[in-house]
Each structure stands twice: as C-alpha cells, then as structure tokens.
Amino acid sequence: MQDSELRKTPLYEEHKKLGAKLVPFSGYSMPMKYEHGILKEHQQVRNSVGLFDISHMGEIEIRGDDTEKFLQLIMTNDLNLLYDGKAQYACICYQNGTVVDDCFYYRINKQLYKIIVNASNRKKDLNWFDKHKEGLSINILDKSNNRGRFALQGPNAEHTLNPLTPYDLSKLERFHFIETKIKKMSAFIARTGYTGEDGFEISVKTEDAKNVWNLILQAGQEYSILPIGLGARDTLRLEASYSLYGHELSDKITPIEAGIGFCVKEKNIDYIGNSVLLDQKRNGTSRKIVGVELIDRGIIREKCAVYNKDDDPKEIGIITSGTFSPTFKKSIGLAMLRRKFTGIGTEILIEIHNKKRKGKVVKTPFYPYKGRKKK
Amino acid sequence: MKATIGDKELNFPDNLKYSKQHQWWDADKKAVGITDYAQSQLGDIVMCDLVDAEGLELSAGDLIEDIAVEAQKAVADIYSPVNGSVASINQDLEDEPEKINEDPYGEGWLFKFDGATPADDLLDAAAYVEYIKSL
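Residue numbers (the working numbering), protein chains in the order written: chain L, 1 to 375; chain Y, 1 to 135.
Bound-form chain Y, shown alone (with noise of 0.2 Å):
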C-alpha cells in the first residue's frame, strides 16, 4: 500500500511484515531490512557495514551490534524482526549504501536468514502505516 507520511509518498508493501523499530520481514525470501519510512527519516545513507553479522544467531527484538548503517547525520540501530541465524548479507550495499535509499524493499535488503521464526508482534502493511502516523 502507498501512504502520505508528512509530505512524502511512501510504500509498504502488502506482502511484507513491519515492525515497530521500522525494520521489515519478506517471509517468502527470509529477508530483512528497513522500511521506506526509516529509509526517509535518515536522509542518504552513506555507509553499511554488514559483515560481522555474518552467522549472528539472533532473537526478535535483538539490537544487531557490530554493524552500521550510517546516514550522513544519523546512525541506524537495526533490530532483528525474527529469531534465527543470519545466512548471507548485502555485500552490493558496501559499494552502493544509497540502495537502501533507492530501493528499500528490493537491493537495499539487509539479511537473509536461516530458517527463522518472525516476533508475534510484527504488523501488517496497514496497522505499521497506522503506527508511524501516531508518531
């Protein structure tokens, strides 16, 4: 679904699932990363520096230390959306951090997992866009 937030027009695909510290779940592909919304509110994303989360065994809710995703005035802090361990991660976004910018839900994808479980608190496209109106 599209949603105005501020004066922006933004995405949120109806497939996916959101969390409250703006992260997303595609559960068909175990992938994970920021919402259109976060992207937005950090402004060009200049750094992403995944590599040590490479094999993280994570459970929802867990902050994921060690990596950076940086902004030019902002630093990301990403959580991770379910419980599992990390397979593989972005490594294109190493040269090109404005993909999660560009393409949030597409090449700017952060993670995939290993046969992880999402948190029972995710949301849907619609109850996340209610969310990031009330903040």
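Just chain L, same shape as in the assembly (with noise of 0.2 Å):
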C-alpha cells in the first residue's frame, strides 16, 4: 500500500510534531515509536504514565430491543453478568471455535451497547454482525471513523486525568466505564487497557480528538508523560500475556487453545462455537498456547520453530509473539505447543537464525497486572 492511501488518525499532524516513526498498521500510519525509542516509553508506562492513539480501533455501537439477544449470539462470554456500566471482553468466533475478532463491549444499557475491535477486522467483523441480525430488531452502527480513541496506561493515569473530569476517577473500577466530560467535550472513559497497568481507554469525538490529546499531555507533564507508539503497545502486552488478533488468536485457533478460556462461559443458550469450544474447555486441547522465555542468548521472534530435542527433528509447535522483555531484560515469548510439552519448566528448543537455542516453559502472565484489582 502507497502512503498516500494510508488513513491518517485525528492525531497524525500530533504524532509528526512530536517526533514520531510513523508506519502503516491495519491501513493507517501509525507511531511505531517517538523520539524517546521504544525502551524509554515501555519503562514510563511500567513507571508511571504514557499516552497512546489508538483510534486505528474500530468502534461499532449496537442499537435496539434485541442487542443483547444478538450479542449472546455472537460472543463467547455471557451478557448476563453485565450490567450498566460495565465492560466484558469475548471472542467472536465461527461455528469451529476459531476466532473472527476479539473484543470488549460495554453496556450502555439494555439496548445499546458499545464494542471496540481490531482495526485489521473492522469489516470482516461487520459483515458477520450483518449476517447473524436477520429477523432480530437491532441497528448496527459503525463509528470508528467519528471518534478519537486514546488508552492512557500507568501507574500515574489516575493522577493525570482525574483533574480532568467532573467525575471522581478514583470510583471507577476495573472493566467499568463511565460517560462523563474532560474539561467541556463528552468523553467515554473506560477502566481498561492492554498493558498490565491501571489505566484507562477514552474515546471521544474526531473535532475533540486533537484537544483532548493536548490536554492529557499537559496534565501529565508532572509525571513526566510520554506519548507511546505500537512497539512499546507490543513489548508492554506481551509482558502482561495479553493475546493479539494474527498473532495468538486467528481463524485457526480457537480461544482455549489460546489459554484464554476465562472468556468462554456456558451460557442459557446456544451462541456460535459452543460446542466445540464448551467441549474444548472440559476436556482440554491437543496443542495450547504457552508462555517461553529464553536461557540461550537471542531474542525470541515470531514463526520460529520450536522443538522438543537436538535429535528429535520434528517440531513440536511455533512461535506466535516474541521479542526482548524490557523489564526482564531477557527475551521472552508465546508459543502454540503440542499439549504434552506446556507443562511449567519443560525445557524445549527455539530455532533462532537456523540454530537451536535453549528455552524453556514459564508461566504467563511474565507481568502479573499491576493496576486495581477488580471488586
């Protein structure tokens, strides 16, 4: 794809002026990094507080008396345990049990909800919305085009946004959000992230985007903020074990197999996937995907093979995210692997530039999550 066809965020003149790397991601220029590096802007989110656009995000809002139906239908994770206010995330899956998209959605109330997904899967995710509503009275409405989208993520995010916003930030819980203002335009403020941190995902209107963004950056300038690109959004997921559509998730694995069967709940339903994915979650899987890390010298990347002994030459699984941790200072990595090699501490070998380096089994999350604990 040209850069002249990439979509440009609400904040890429922003992005320009503060000295950002910008590279197509999911169609749009993004930041991979600013002029801090990407080190620099992992340890001030892990330290204390750092600013990243994430309005590449789709955001599709669901209208109508049967959006909960239709949402029981399509998401593995049950609605029932929701109520205004908070937040839920799911995978959307196919009748196989592989996954079309991951997402969280938040309940407006009954009849609306809010979701936001992978940028990479906006229309796919789209067109099986479309194709899953027949005979149910709801509207679905994609607004990732009018809205800015930022997650605010550290230790110190409360302390920056809260002067902010009417609304006492310090009330909001985990995986909650509320409708409130930062300083005069509307603002949806979410208690999540994707980073291992407290911290919280805003979305506001496009016109408000370029404001908002400037603001929080001043706010933050007494904990030394740092606007944050993808590759730090990169090392700071991978530490805290959070999976990634193409990577740990995709249309040939399902979400146990991804170890993230938390999110896959039976339900008083049938919903798309759930028998293979409720059988799945009983009596386990042939392959799972784990966490790895390095003893050998190199850094973990994704695609490499991965191996039970120097002379057994048949793989036993792949790589599916690595890189160098920078709060372990090793490097460190997921793995699909056949189900007879994840236990915690199996010693397994890592093709790295044609050699087999020593590894072995860890348990995940590598960054137990640091923020507020749910109630």
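Just so you know, not all the hints are guaranteed correct.
[Claimed, not checked] Computed list of lysine-lysine pairs in BS3-like fashion (alpha-carbon distance at most 30 Å, straight line):
| id | chain 1 | residue 1 | chain 2 | residue 2 |
| --- | --- | --- | --- | --- |
| 1 | L | K171 | L | K181 |
| 2 | L | K181 | L | K133 |
| 3 | L | K17 | Y | K133 |
| 4 | L | K330 | L | K309 |
| 5 | L | K330 | Y | K99 |
| 6 | Y | K112 | L | K356 |
| 7 | L | K40 | Y | K8 |
| 8 | L | K16 | Y | K20 |
| 9 | L | K8 | L | K184 |
| 10 | L | K17 | Y | K99 |
| 11 | L | K358 | L | K303 |
| 12 | L | K16 | Y | K133 |
| 13 | L | K16 | L | K143 |
| 14 | Y | K8 | L | K8 |
| 15 | L | K16 | Y | K99 |
| 16 | L | K183 | L | K86 |
| 17 | Y | K2 | L | K17 |
| 18 | L | K329 | Y | K8 |
| 19 | Y | K8 | L | K17 |
| 20 | L | K40 | Y | K133 |
| 21 | L | K358 | L | K340 |
| 22 | Y | K2 | L | K40 |
| 23 | Y | K99 | L | K40 |
| 24 | L | K40 | L | K86 |
| 25 | Y | K8 | L | K210 |
| 26 | L | K340 | L | K40 |
| 27 | Y | K112 | L | K329 |
| 28 | L | K16 | Y | K8 |
| 29 | L | K356 | Y | K99 |
| 30 | L | K330 | Y | K112 |
| 31 | L | K358 | Y | K99 |
| 32 | Y | K99 | L | K303 |
| 33 | L | K303 | L | K355 |
| 34 | L | K329 | Y | K99 |
| 35 | L | K355 | Y | K112 |
| 36 | Y | K112 | L | K16 |
| 37 | L | K355 | Y | K99 |
| 38 | Y | K133 | L | K8 |
| 39 | Y | K20 | L | K355 |
| 40 | L | K171 | L | K131 |
Bear in mind the hints are in silico, worked out from the structure with no lab data behind them.
Relying on the hints, combine the two individually framed chains into one complex.
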C-alpha cells in the first residue's frame, strides 16, 4: 500500500510534531515510536504514565431491543454478568470455535452497547454481524471514523486524568466505564487497557481528539508523561501476556487453545461455536499457547520453530509472539505447543537464525497485572 | 561531517569509509561498525551476539551470518565492507548493546580485522550522506 493511501488518525499531525516514526499499520499511518524510543516508552508506562493513540481501532454501536439477544449469540462471554456501566472481554467465533475477532464491549444500557474491535478485522466483523442479525431488531452503527480514541496507561494514569474530569475517577473500578467530560468535551472513559498497568481507554469526538490529546499530555507533565507508539504497546502487552489477533488468535486457533478460556462461558442458550468450545474447555485441547523464555542468548521472534530435543527433528510447535522484554531484560514469547510439552519448566529448543537455542516453558503472565483489582 | 537526515542530526566522521549497506570502515584501526544512520533507523539495540564471527574469512559484500545485532523491532543485517579475516569482536556489546546507539563509531564498533582490504565501492562521508538522502 502506498503511503498516500494510508488513513490518518485525528492525531496524525500531533504525531509528526512529536517526532514519531510513522509506519503503515492496519491501513493507517501509525506511530511505531517517538523520539525517545521503545525502551524508554515501555519503562515510562511501567513506572509512571504514557498516552497511546488507538484511534485506528474499530468502534461499533449496537442499538435496539434485541441487542443482548444478538450479542449472546455471537460472543463467547456471558452478557448476564453485565450491568449498565460494565465492560466485558470476549471472542467472536466461527462455528468451529476458531476466532473471527476478539473485542471489548460496554453495556451503556440493555438496548445500547459499544464494541471496540481490532482495526484489521473491522470490515470482517461488520460482515459477520450483518450475517447474523437476521430477524433481530437491531441497528449496527460503525462509529470507527467518527471518534478519536486513546489509552492512558500506567500507575499515574488516574492522577493525570482525574483533574480533567468532573467525575471522580478514583471511584471507577476496573472493567467499568463512565460517560463524562474532559474539560467541556464529552468523553467515554473505561478503566481498561492492554499493558498490565492501571489505566483508561478513552473515546471522544473526532473534532475534540487533538484538544483532549494535548490536554492529557499537559496534565501528565508532572509525571513526565510520554506519547507511546505501537512498538512499546506490543512489548507491554506481551509482558502482560495479552493475546493479539493474528498472533495468538486467528481463524486457525480457538480461544481455549489460546489459553483465554475465561472468556468462554456456558450460557443458557446455544451460541456460535459453543459446542466445540465447551467441549475443549472441559476436555482440553491437543495444543495450547504457553509462555516461553530463552535461556540461551538471542531474541525469540514470531514464527520461530520449536523443538523438543536436538535429535528429534519433529517440530513441537511455533512461536506466536516474541520480543526482548524491557522489564525482565531477557527474551520472552508465547508459543503454540503440543499439549505434552506445555508443562511449566519443560525444556524446549527454539530455532533462531538457523540455530536451536535453549528455552523453557514458564508461567504467564510474565508481568502480572499491577493496577487495581476487580471489586 | 554532520548531516540532518529526516529530523535528526547525524554524524559521519570524515576519516571513515562507508558502504551502501550502512557499515563503516576505519582503515587506521581496521575496525567495522554500523553507521549513525543505521543505528537511528534500527532504534534501541537490545542484543548483540557476535561470537560466531570470530576468525571468519570474509569477502567484501558478504552477509555475516550467525551473528545477531537486534533492535526491539528489527534485526540488522551486517555485511562486510572489507575482504579479510575477523581478528576480534567487541565483547562489551554482549552486556551493553546500547553502546551501538550511543557511540556507533567509538565504543559501538563490531569487529576488527587482520590485514583487510576494503571493497572498491566504499563511499566517503559526503557521498554516503548523499546516498542516504536519496533513500
């Protein structure tokens, strides 16, 4: 794709002013990193606070009397656990249990939900929704291009944002959201994130995006706030062991295999994929995604082959994501391995640059969530 | 010489020669490394494993395999700018790979050679700057 065909988020000009290295991502020109680089940005989020532009993500509203009926049919998680102001993570699955997309949805009320989906899957999701809305009284509204979205993440996220809102954010629990204002501009603020830290995800009108972005950067100055690019977003999420579509989740992988069975529920109705998924949840799967770390030197990267022993030429799995962990100063990754090799401590060989290097299976998350605990 | 590439001011010492693969060659010290431009493009270098290059006989233009100079999001391919054999590697980079970012022409050197002859097509600083500006 030519750069000229890439879409720009409402913050494109701000990124340029901030010295961002812009790269094509899901059809958008997005900041990979800013002037301080990925390591500094990563540490800033772990130690204080950072601000991410996530305007590229899809934002879809479902309205109407059958909204919950519709979502119960296509989502793996159970909407009966929700109430107004509460958010939930789920997968959208095919009949065979593999994944169309993973998403967060927010119950504004029983007839109105907001869903945040992966940028790269937005069109596929909308087609999937259309295919399954037949006979249901719902409206599907794609709001993706009418909003600016940010993530404000880190232990000082609340201190940064609270002075800008009339609502006292210290009262907002994890996985809850509030429709309030940032200064005079209406804002949707959820206490969610993708980093392993406390923080918020914020959605505002496109015309307010630049203003809100700069207000937050200004408010965060006393905490040395930095804008954070996709590079650190990936190292942060990988340390926190969150799945990323296209890596740990795909149309070849089920959520049970991906190790996120917590979002697959037995519900009082049949939903798409439920027979395969519930069977897998009860009886296990022949392969599973686990955390791995490298003992030898090197950096684990996506698609590296994994072996059991030097003299056994048969692959036991593949790396789905890998990086150098800025927090632990070693290479970590996630790997899809045959069940037999998934026990914590199992020694494995990871092929990097044509050489098999020693590694082992470790517990995930590498970096346990450090923010506020759920009520 | 200094040159502004993109929005960064980068340094290209006039006493060095440069390859289009972004390696520099210091004929006095018989040393090779990556240029300021290369390190700025790569970003934070987090791993540098050169051990397997020791003793290698290289021809100018060879991709030096089995070594790793890796940034958080990118792997650097290192090509030899000279003909010769690798006499020593910079072992300090194993613990402090960030020296390549901080001081690419000094403490961030990669290899030293024995009796090497440079490739015919190495560029001087001004020609290299012109080349990277054209990229």
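Structure-based check of each hint:
1. L:K171 <-> L:K181: Holds. K171 (chain L) to K181 (chain L) sits at ~15 Å (cutoff 30 Å).
2. L:K181 <-> L:K133: Given that 30 Å is the threshold and the Cα spacing comes to 33 Å, the pair is violated.
3. L:K17 <-> Y:K133: At roughly 21 Å apart (the allowed maximum being 30 Å), K133 (chain Y) and K17 (chain L) satisfy the hint.
4. L:K330 <-> L:K309: The given pair, whose Cα atoms are some 22 Å apart, holds under the 30 Å limit.
5. L:K330 <-> Y:K99: holds, 18 Å
6. Y:K112 <-> L:K356: holds, 28 Å
7. L:K40 <-> Y:K8: holds, 18 Å
8. L:K16 <-> Y:K20: holds, 28 Å
9. L:K8 <-> L:K184: holds, 25 Å
10. L:K17 <-> Y:K99: holds, 28 Å
11. L:K358 <-> L:K303: Measuring from Cα to Cα gives roughly 16 Å; hence the hint holds.
12. L:K16 <-> Y:K133: holds, 19 Å
13. L:K16 <-> L:K143: Given that 30 Å is the threshold and the Cα spacing comes to 25 Å, the pair holds.
14. Y:K8 <-> L:K8: Holds, at about 23 Å.
15. L:K16 <-> Y:K99: At roughly 27 Å apart (the allowed maximum being 30 Å), K99 (chain Y) and K16 (chain L) satisfy the hint.
16. L:K183 <-> L:K86: Judged against 30 Å, a Cα distance of about 24 Å means the pair holds.
17. Y:K2 <-> L:K17: holds, 23 Å
18. L:K329 <-> Y:K8: Answer holds: K329 (chain L) to K8 (chain Y) is near 28 Å, not above 30 Å.
19. Y:K8 <-> L:K17: holds, 13 Å
20. L:K40 <-> Y:K133: Holds: K40 (chain L) and K133 (chain Y) sit about 28 Å apart, inside 30 Å.
21. L:K358 <-> L:K340: Holds. K358 (chain L) to K340 (chain L) sits at ~18 Å (cutoff 30 Å).
22. Y:K2 <-> L:K40: Satisfied, since the Cα-Cα distance of roughly 26 Å is no more than 30 Å.
23. Y:K99 <-> L:K40: holds, 15 Å
24. L:K40 <-> L:K86: At roughly 33 Å apart (the allowed maximum being 30 Å), K86 (chain L) and K40 (chain L) break the hint.
25. Y:K8 <-> L:K210: This hinted pair holds, its Cα atoms lying about 25 Å apart.
26. L:K340 <-> L:K40: Given pair K340 (chain L), K40 (chain L) is violated - Cα atoms ~38 Å apart, limit 30 Å.
27. Y:K112 <-> L:K329: holds, 28 Å
28. L:K16 <-> Y:K8: Distance of about 13 Å is within 30 Å: holds.
29. L:K356 <-> Y:K99: The given pair, whose Cα atoms are some 27 Å apart, holds under the 30 Å limit.
30. L:K330 <-> Y:K112: holds, 28 Å
31. L:K358 <-> Y:K99: holds, 27 Å
32. Y:K99 <-> L:K303: holds, 29 Å
33. L:K303 <-> L:K355: Holds, at about 14 Å.
34. L:K329 <-> Y:K99: Distance of about 16 Å is within 30 Å: holds.
35. L:K355 <-> Y:K112: It holds: about 25 Å lies between the C-alpha atoms, which stays within 30 Å.
36. Y:K112 <-> L:K16: Cα-Cα ~39 Å, so violated.
37. L:K355 <-> Y:K99: holds, 26 Å
38. Y:K133 <-> L:K8: Holds, because 25 Å separates the two Cα atoms, which is no more than 30 Å.
39. Y:K20 <-> L:K355: holds, 28 Å
40. L:K171 <-> L:K131: Between K171 (chain L) and K131 (chain L) the Cα gap is close to 39 Å, so the pair fails against 30 Å, i.e. violated.
The structure is inconsistent with the numbered hints 2, 24, 26, 36, 40, although it conforms to all the rest.
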